Amino acid sequence: DAGITQSPRYKITETGRQVTLMCHQTWSHSYMFWYRQDLGHGLRLIYYSAAADITDKGEVPDGYVVSRSKTENFPLTLESATRSQTSVYFCASSESTGYASTDTQYFGPGTRLTVL
Amino acid sequence: AQSVTQPDIHITVSEGASLELRCNYSYGATPYLFWYVQSPGQGLQLLLKYFSGDTLVQGIKGFEAEFKRSQSSFNLRKPSVHWSDAAEYFCAVGAKYGNKLVFGAGTILRVKS
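Listed in order, the protein sequences are those of chains A and B. Taking this note's numbering, I'd label the letters of the first sequence as residues -14 to 101. Taking this note's numbering, I'd label the letters of the second sequence as residues 7 to 119.
No lab work stands behind these hints, which were simulated from the structure alone. These figures come from a predicted structure and were not determined experimentally. Worth double-checking, as some hints may not be accurate.
Restricting the straight-line Cα-Cα distance to at most 30 Å, the calculated cross-link-like pairs of lysine-lysine (BS3-like) are [said to hold, decoys possible]:
id, chain 1, residue 1, chain 2, residue 2
1, B, Lys106, A, Lys55
2, B, Lys118, B, Lys55
3, B, Lys55, B, Lys106
4, B, Lys106, B, Lys67
5, B, Lys67, A, Lys42
6, B, Lys118, B, Lys106
7, B, Lys67, B, Lys118
8, A, Lys(-4), B, Lys106
9, B, Lys55, A, Lys42
10, A, Lys55, A, Lys(-4)
Modelling step: build the complete structure from the supplied sequences, incorporating the hints.
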């Protein structure tokens, strides 16, 4: 049971380039999330998705785009990377059967992105 | 909107000593509260969560947390720390609806032998 995986684990790119971070989960969880982790800020929600083709903004969505054509995949794209987007990115999923925040979120191992 | 404060950025304890990590939250209604742990280079793992009922919650790895509404706190405790507990700990609060969490900045725990 692979659970939730992220690729790549490490990425170095240059300012202005487009970058896509992949997230895949094998549980068929309905909810998926993207967070960024920065020192002193903890984890901040970028985007989330309640189901295929349903996405919504989180706390820090600017500069990011998401899509969810299949339940198991939730890619995050930086359309034109900036240095401020250097961070560790975590994907998470939860088996929510409703709209409550009670469900455990399961996290992937993270992608460390450096923008030069 | 909800928010979480973890006042301690770093804490160092001796192996075998007791541990308490502080968490204060801000939310207008009854919060849903979580503690997650992140080992170096890993994703986050849920330690425990509180929704309602008994205010003392037991979690994995011997951790427990107590919800105190009057103090808006949800402190994490462990009676005897092991070297393998060295990690970063995050407190999070969720609203009743919306399936979104707000995380604190984290507390890095160091364990000395």
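Going down the list of hints, with the structure as the test:
For the proposed pair lysine 106 of chain B and lysine 55 of chain A, the alpha carbon gap of about 21 Å is at most 30 Å, so the pair holds. Distance restraint check for lysine 118 of chain B and lysine 55 of chain B: the Cα-Cα separation of roughly 28 Å lies within the 30 Å cut-off, and the hinted pair is therefore satisfied. Restraint check: the Cα-Cα separation between lysine 55 of chain B and lysine 106 of chain B comes to about 14 Å, which is no more than 30 Å; the hinted pair holds. For the hint pairing lysine 106 of chain B with lysine 67 of chain B, the CA-to-CA distance comes to about 25 Å; that is within 30 Å, so the pair holds.
For the hint pairing lysine 67 of chain B with lysine 42 of chain A, the CA-to-CA distance comes to about 34 Å; that exceeds 30 Å, so the pair is violated. A C-alpha spacing of about 35 Å is found between lysine 118 of chain B and lysine 106 of chain B, which places the hinted pair above 30 Å, so the restraint is violated. Under the criterion of a C-alpha separation no larger than 30 Å, the hint pairing lysine 67 of chain B with lysine 118 of chain B is consistent with the structure, at around 19 Å. For the given pair, lysine -4 of chain A sits about 27 Å from lysine 106 of chain B by alpha-carbon distance, which is consistent with the 30 Å threshold.
Proximity of lysine 55 of chain B to lysine 42 of chain A is assessed by CA-CA distance (about 25 Å); at most 30 Å being required, the pair is judged to hold. Under the criterion of a C-alpha separation no larger than 30 Å, the hint pairing lysine 55 of chain A with lysine -4 of chain A is consistent with the structure, at around 24 Å.
Going down the numbered hints, you'll see the structure goes against 5 and 6, while the others check out.
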